[in-house]
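Chemist: Construct the complete structure from the given sequences, taking the supplied hints into account.
One letter stands for each residue in the lines below.
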Amino acid sequence: MIHTTIGDIGHLFVIISFVAALISIFNFYKAEKSPLPELQKGWLKNGQITFLLHGLAVFGIVITLFTIISNHYYEYFYAWSHSSRALPVEYIISSFWEGQEGSFLLWLFWNVLLGFIILLTNKKWAPSVMLSFAVVQAFLSSMILGVVIGDFKIGSSPFILLREAMDAPIFNINPDYVPEDGTGLNPLLQNYWMVIHPPVLFLGYATTLIPFAYAIGGLWKKDFKGWVRPALPWALFSAAILGVGILMGGYWAYETLNFEGFWNWDPVENASLVPWLVLVASIHTMITYKKSETALKASIILVLSVFLMVLYATFMVRSGVLGESSVHSFTDLGLSGQLLLYLLSFLIVSIVLAVVRWKHIPSTEKEVSTYSREFWIFMGATLLCLMGFQILLPTSIPVYNSIIQSFGGISNLAPPADQVEFYTKWQMWFAVGLAILSGTGQFFWWQKMKKSEVKESLLFPILITLMISALIIVLAGMTNIPYIILVIAAVYTIVANAKIFFKIVKSNYKLSGGAIAHIGLGMMLLGILFSTGYSRTISLNETGLLLTNSEEVEDNFNQENIPLFINDPQTMGEYTLTYRGRFYETHSGGYVKASYLEDTPNENFKIVKREIQREDENLIKGDTLEVYGANHYYKVDYLHASGDKFSLFPRAQINADMGGLISSPDIKRTLTKDLYTHVSSVPDPTQEIEWSEAKEMDVTFGENFFLNDFVTVLEDVKRVEEIEGEKLKGNDLAVRATIKVYGDGEDYILNPYYLIRDNMAGRISDENREIGVKLNIENIKPESNTFTLSVRTTQKDYIILKALEKPLINLLWIGTLVLTFGFGMAIFRRYSEFYKMKRKGLE
Amino acid sequence: MKKSYIFGIIVIAAAIMMIVSTAGDASSYVTFNDAHDMALDGNNTKIHVVGELKKSVEGEIIGLNPSDDKLSFTFIMVDENGMEQEVFYNEPMPADFKRSEQVVVIGSFQKGTFVADKILMKCPSKYQEETVI
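Residue numbers (our numbering), protein chains in the order written: chain A, 1 to 843; chain B, 1 to 133.
In case anyone wonders, no lab produced these hints; they're calculated from the structure. Here the structure is a predicted model, which means the values were calculated and not measured. Just to be clear, a hint being listed does not mean it is correct.
Result set (DSSO-like, lysine-lysine): computed pairs, CA atoms no more than 30 Å apart in a straight line [as the list claims (entries may be wrong)]:
(1) K118/B with K290/A
(2) K425/A with K118/B
(3) K499/A with K510/A
(4) K635/A with K118/B
Modeler: Right, dumping it as structure tokens:
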């Protein structure tokens, strides 16, 4: 049975939300432009009603889509392609925004909530700000409209049926066919961070609209100054949320992906970082403006740019223009024209409005002195913008290519070959500049200084900085000059801001947000420097030989990976590593060795092959065990020279969405450093094994022989009444051999059978992938008391592993929290200002 | 001159430097032939080459050669112009390498062999391969 009604309802909600947003545009425009206050009030009332209607329709869409996904209505394309029955509730929620349509919906949803807050809290600015909101909402809801007029498609609806989306032959036979199960959520996204990272990030994106809408409102109403006050707390909130959202993505990448870090300079990551940098710059100019009426023009330009950058990022990520250059852009839904229109509309309106009003914007002609706080803040904001610009230039390379190609040209520009090196050589010096400016700027901010006083007040923090830096440099044995400069700069901003912090916290703790945020910045810089600059590959293997048919290639390639064969200890720096085999994680927690389990048609269910003792329960042969079948874990025992022992379980995931095996690290965390381990290569566990040609060998009881280089002994051969739980029939006769293989840490038992049924000999082989042995009892020779075994071998189980040490990475995470806390303090302060204004009836 | 002009000039200079640096460090998509010519001219910039693994008529991959210690491997890649070239990669072979439909190698020629610093693989995605049943 196909549930068509719910989809129709959902589609109806989409149309209502779109139309209501359009009407809201008109209402809010009238509310601003009507000549009489009475009329204005009336139109605002209308606007409130239509926006409320729009909001309710958006909630309606969300609830409808969620109902479809959580009730597993796989007749709908969205549910079928993004979820499956086996998903736990929290991942059902994340499958909601895995697709483009769902993530637009998430954005719409946040905008509705934010719009409601604006309508409730700010009366004076409501019409002009809500006008921008209504326009944005109209654009966003048009993205999920799913209306086709001739060849022209507007939006892509999340409510299309599978049979409309896919041209599969089954629908010709049975149009009402509903698949049993969905194709599931990308397993990489089945991670708790992916449940909260997208909503936080989109809340960050959504909030950038508020300062933008205030600025546009200010320009439009010619209230060039008034918009800054209400926009500032929102800008701070936006920066905090967007910053946390970005870092969450970085943390997820660090834990889940194998590129050995938290930042890969991928276009999608860059596209989120650039607006954040400009946003932070705009906060600084707005604060300057609040304090001394300078930098108003700069504030307007920056605030407008932030939102435009967000739109540009949206265009890049969702239009398909990034193509091959990013691992995680969305699939192209053919919305590029619509997205471009969205971007260009706002770009043109902003530019036109700013140009028309430019002459009227008040500005100070006063020359800025080098010893003024404005100078230092302005430098900082400029530097932030330059950082953003430097990132944006190469990130946009695919955009240049498509522009050139759309004009018929040919462009083969590719992103820099070594992205990390390319960005680092610029961004590192920017970081140094930021640290120095944020340390010094704070002094100028809190005390008006004359030339003569500067030396005096800076001397003490500089001395402390040099002492601490010297200590760090000596302890870490640093020799790299740029790194040393960065350490000094970062320590300087921490010390200088700590001094400021102690000074102001005594008088008014509410003002300490800036100092705290800058301390966080310094800590982040140190964390980034040490964890990336001093990341050390400990699985270094300098004896590696270069394999190539041509002899000419120089052979000084250092190998950064080591091969580990099962149960064969290898020394790696201060550690001895032993690979212990492939494991599955069970639903009840803990890991179970894969070779103790037998596959079933469902990859998530395994049958226990032998008794397994676990901490809290014993598994009995024949039990069914629920595991996460797509995830293969490779247990590696670490033994440190000091005697410390621990095990890590790096993972390889069979991921159809990403087209293959995806490796994820396991991390041993300590306070001062992380030990990061991932497998670089493993034998594909889903592939059939290629066994060698069978080789026969005669063995007798108790005699030692070698199987695939393992010492082996035939322990006994016994007559049995059943084979693997199945009783023998009538005249059947069967024997079972018990063959013990001595691995280096674990003994393996193989049990091949020899069966005589109806005068025919049958053989049931036994195999073990770990030791790479498969054998049969080929023949029994009573005269010589020997057994002929037929042996096939293969490569014994191995992994190729890479291990790195990431010193002081915790400073980055802690620094992020400190930075966010600083933002929180600043929001609190600015909100109380707003509250006072509101009580006086000024806003 | 006003300080703000000096400041403006510095900012513009920095921006121009960034543009020049981006243009200079940007890589390009080329064929093996061009890459070879570049190497002969002594130009060692890293470039992108797009192509496929060499396959026999039956679809078997030919010329894939892991080293004895499995830490590196070579393979034969056919670029978009159909030119074959041996590529060396100093990393273990990714488990799904054989399944890839398209490969992009980033690197340069070093005395006759193309040494890849990075390999990007495009594997068959579920949208192209899977149908409902």
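Chemist: Within 30 Å, alpha carbon to alpha carbon, are K635/A and K118/B?
Modeler: Since the Cα atoms of K635/A and K118/B sit roughly 28 Å apart, the hinted pair holds (cutoff 30 Å).
Chemist: Within a Cα-Cα threshold of 30 Å, do K118/B and K290/A meet the stated pairing?
Modeler: violated, 50 Å
Chemist: Would you mind confirming whether the straight-line C-alpha gap from K499/A to K510/A stays at or under 30 Å?
Modeler: It holds: about 16 Å lies between the C-alpha atoms, which stays within 30 Å.
Chemist: Given the hinted pair K425/A and K118/B, is their Cα-Cα distance within 30 Å?
Modeler: Roughly 20 Å separates the two Cα atoms, so the pair holds.
Going down the numbered hints, you'll see the structure goes against just number 1.
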